[in-house]
Each structure stands twice: as C-alpha cells, then as structure tokens.
Amino acid sequence: MKEFEAGCQRPKGQPKPVVETAVVEEIQKGEIKKMIQVGKPAPMFSAPAYYQGKFVEVDLEEYKGQWVMLCFYPGDFTFV
Amino acid sequence: MNVFSVSVDSVFVHKMWNDHELSKMLGGKDIPFPMLSDQNGNIGRLYGIYDEESGVETRGRFLIDPDGIVQAFEVMTPPVGRNVNETLRQVRAFQLVREKKGTEVTPAGWKPGKPTLKPGPDLVGNVWKAWKVEQALE
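Top to bottom, those sequences are chains A and B. For the first sequence, numbering that gives the first Met the number 0 assigns the number 0 to the initial residue and increments by one for each residue that follows. For the second sequence, numbering that gives the first Met the number 0 assigns the number 0 to the initial residue and increments by one for each residue that follows.
Quick caveat, the hints were computed from the structure, so don't treat them as lab data. What you are looking at is a predicted structure, and each value in this text was computed from that prediction instead of being measured. Ideal Cβ placement from N, Cα and C applies to all residues, glycine included. Any given hint might turn out to be false.
Unchecked claim - Keeping only pairs whose Cα atoms sit at most 35 angstroms apart, straight-line, the calculated DSBU-like set for lysine-lysine is:
hint: 1; chain 1: B; residue 1: Lys128; chain 2: A; residue 2: Lys63
hint: 2; chain 1: B; residue 1: Lys131; chain 2: A; residue 2: Lys39
hint: 3; chain 1: A; residue 1: Lys53; chain 2: A; residue 2: Lys63
hint: 4; chain 1: A; residue 1: Lys1; chain 2: B; residue 2: Lys23
Unchecked claim - Reference excerpt, derived from the structure (chain B facing chain A, CB under 7 angstroms, subset only):
hint: 5; residue: Phe72
hint: 6; residue: Glu73
hint: 7; residue: Pro77
Stated by the list, open to error - The following label-pair restraints were derived from C-beta to C-beta distances:
hint: 8; chain 1: A; residue 1: Cys7; chain 2: B; residue 2: Asn84; range: 38 to 46 angstroms
hint: 9; chain 1: A; residue 1: Tyr62; chain 2: B; residue 2: Val79; range: 24 to 32 angstroms
hint: 10; chain 1: A; residue 1: Lys63; chain 2: B; residue 2: Glu133; range: 37 to 45 angstroms
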C-alpha cells in the first residue's frame with residue numbers, strides 16, 4: 000500500500016484493464032448489466048483508502064497469493 | 000485474510016467515521032483494515048453491486064482466493080446486516096477445501112471441527128451413512 004498526499008482533487012477507484020474476469024455481461028433493456036460468477040477471476044482494481052491514520056492506495060493485484068474479503072456497504076454513518 | 004471495506008464515501012469521510020464512531024466501538028482502536036473509497040462507483044459496477052438509482056453500493060461481500068478466483072459472494076439490500084459468523088465459517092471451509100486439494104468437501108451445516116466428506120466411488124449413494132440431516136441444522 001502506497002501512502003498518498005491528501006489534496007483537493009478527489010482520488011478515484013480505478014478498474015484494471017480486464018483480460019478475463021468473473022463478470023458476465025448481459026444486455027438488459029439496452030444497457031449492459033454485469034454480475035460476478037463464482038469460480039472465475041475477480042476483477043482487479045486500485046482504489047484510495049483510509050488505513051490507520053494514513054491515506055493509502057490499495058491495489059488488489061498486490062494481494063495475489065493471499066485470501067481477500069471485499070465488503071461493500073451503502074455508506075459511512077449509516078446504521079447497519 | 001485481508002479484509003477491505005468499500006463504499007462511495009471519500010477517504011476523508013472514512014477517517015471521520017473511524018475517528019468519531021467506529022473506533023469507539025473498538026475501545027479506541029482504529030479499524031484494522033483499509034477502508035476503500037469508490038466515489039465514482041466504478042469498483043461497485045465492476046462487481047455488479049452498484050445501485051445506479053441511489054448512487055451507493057449494495058451490501059455485497061466477495062471472498063477471493065490466493066489465485067484471485069471469486070469463491071463466494073453474498074449480496075443484500077441495505078437494511079439487513081451481515082452474519083459475520085457465517086462469513087467466517089465459509090472462509091474456514093474454503094481454506095480447508097483448498098488445503099485438501101478437493102479430497103475433502105464440507106457438507107451442509109459444516110463448521111470447523113465437524114466431519115468433512117471424502118468424495119469418491121465409495122461415497123456414491125452412501126452419503127446418508129456419513130452425514131445426517133440434523134447436521135445441516137447444528
């Protein structure tokens with residue numbers, strides 16, 4: 000994890016160029032809807048993060064060889 | 000196990016949430032994993048759990064093995080929280096199955112320390128001897 004300077008520009012999460020992933024694309028109502036499949040490679044990405052007092056860049060590719068749990072949630076300061 | 004949480008909040012809001020609420024739940028300690036920021040929803044879209052209408056991630060949880068393969072996921076609408084014990088049970092089960100290279104599998108209701116099943120010709124038609132229905136509900 001690389002530390003980064005907190006500036007005024009919003010850092011953004013970036014998907015990595017995809018070779019083969021678990022994402023199935025299906026066209027619904029003219030738009031592409033994506034869903035993950037188990038047993039297939041997880042989509043790679045990098046994203047800014049807050050970790051124990053520092054702002055860092057997390058690159059999922061650096062965690063190959065280890066188990067990873069990704070937990071998405073609706074928002075900070077929500078209740079559940 | 001590396002845990003990462005992801006939401007559309009900025010890293011600044013993550014810091015405030017850690018400092019003003021979460022650390023108080025942890026007896027003054029910081030959240031022990033990186034809190035990722037996905038402000039444009041691109042990571043959520045990549046995993047199919049970004050809700051375009053409300054502009055937030057739904058409650059998705061993905062277990063990725065050391066080869067980068069998605070082994071399990073669970074997705075829920077926001078008002079219901081996760082069961083951490085069930086998540087840990089799945090982690091233990093997937094780690095065991097990987098370690099045994101497929102020679103052992105975990106039947107329904109399996110928990111760490113409980114018997115596994117060993118797939119093979121002898122087990123065909125004989126699961127009823129090795130595993131009882133009650134075990135699913137233990």
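Outcome of the hint check:
For the suggested pair B/Lys128 and A/Lys63, the alpha carbons sit about 39 angstroms apart, so the restraint of at most 35 angstroms is broken. Between B/Lys131 and A/Lys39, the direct Cα distance comes to roughly 32 angstroms. Compliance with the 35 angstroms bound is thereby established for this hinted pair. Only pairs whose Cα atoms come within 35 angstroms are accepted, and A/Lys53 paired with A/Lys63 is accepted, the gap being roughly 23 angstroms. Proposed proximity of A/Lys1 and B/Lys23 is supported: the alpha carbons are some 27 angstroms apart, at most 35 angstroms.
Against a cut-off of 7 angstroms between C-beta atoms, the interface hint on B/Phe72 holds, since the closest Cβ of chain A lies about 6 angstroms away. Among the interface hints, the one on B/Glu73 is violated; its C-beta lies about 10 angstroms from the nearest C-beta in chain A, farther than the 7 angstroms criterion. The restraint placing B/Pro77 at the interface with chain A holds, with a minimum CB-CB distance near 4 angstroms, inside the 7 angstroms limit. For the hinted restraint 38 to 46 angstroms between A/Cys7 and B/Asn84, the CB-CB distance of approximately 42 angstroms keeps it satisfied.
The hint said 24 to 32 angstroms for the Cβ distance between A/Tyr62 and B/Val79, and at roughly 28 angstroms that hint holds. A hinted range of 37 to 45 angstroms for the beta carbons of A/Lys63 and B/Glu133 is consistent with their spacing of about 40 angstroms.
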